[in-house]
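**Student:** With the hints as constraints, model all of the structure from the sequences given.
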Amino acid sequence: DAGVIQSPRHEVTEMGQEVTLRCKPISGHNSLFWYRQTMMRGLELLIYFNNNVPIDDSGMPEDRFSAKMPNASFSTLKIQPSEPRDSAVYFCASTAVGSGANVLTFGAGSRLTVL
Amino acid sequence: SQELEQSPQSLIVQEGKNLTINCTSSKTLYGLYWYKQKYGEGLIFLMMLQKGGEEKSHEKITAKLDEKKQQSSLHITASQPSHAGIYLCGADRTTDSWGKFQFGAGTQVVVTP
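Chains as they are written, first to last, in this note's numbering: chain H, 1 to 115; chain E, 116 to 228.
Calculated from the structure, these hints are not laboratory results.
Using N, Cα and C, we set each Cβ at its ideal position, and we do this for glycine too.
Some hints could be false.
Unchecked claim - Computed footprint of chain H on chain E; a stretch qualifies when at least three of its residues, placed anywhere within it, have a C-beta under 8 angstroms from a C-beta of chain H:
#	segment
1	158-170
2	196-208
3	214-228
To be verified - Incomplete in silico selection of chain H near chain E, CB under 7 angstroms:
#	residue
4	V103
5	F106
6	A108
**Tutor:** The structure is reproduced here in structure tokens:
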């Protein structure tokens, strides 16, 4: 298996632009998580899905952030409009809930810089 | 806000020395996970603990979950440069939440020659 695949790996954009981050979870995993990591705030849970349905989005900072999971093999995290304070590394992770031990497998992350 | 408190925030250890990292929760943990992260990379799973008093080891790394299941420790024996990185504890099940996988702030480990 190729693991959790995230794209792009690096994104540099200007304030006000729309940013879309993509994630392909591991085949067979039914739960997907989006995290944001910064030096100041550590690893923050933004939103997670079970069976493509958003379960908890209380970590999404504000309305500028949105996430979708149209099918079991694809999810997006969108920021519109982007701001410099959104600069961070965004991680996607997936697991197979119900298998007992819910070990998360992480992607390599998308490093976002908003100028 | 973080529900899992890690200590110390960072530590510097001389190669060959032992080190311990702690992870504390105010709620009972039903699944406690340890991950390691190298700068700029994703998290790598190390170990998972579920039962009070449980202890697991892999190579030179040992993790324990206390009897009350509210605190875990990660111990590295005879540290090596390969042990450098950020160690994070995570939990997906507590008395207040189920499935919401959250992490502590992490402990940065530096191993010096």
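**Student:** Now look at each hint and say whether the structure bears it out.
**Tutor:** For each hint, the structure was consulted:
1. 158-170: Since 5 is at least three, the answer is holds.
2. 196-208: The restraint on the segment 196-208 of chain E holds, since 3 of its residues have a Cβ under 8 angstroms from chain H and three suffice.
3. 214-228: holds (count 8)
4. V103: Since chain E brings a Cβ to about 5 angstroms from V103 of chain H, closer than 7 angstroms, the hint holds.
5. F106: Where the cut-off is 7 angstroms and the nearest Cβ of chain E is about 4 angstroms from F106 of chain H, the hint holds.
6. A108: Status holds, d = 5 angstroms.
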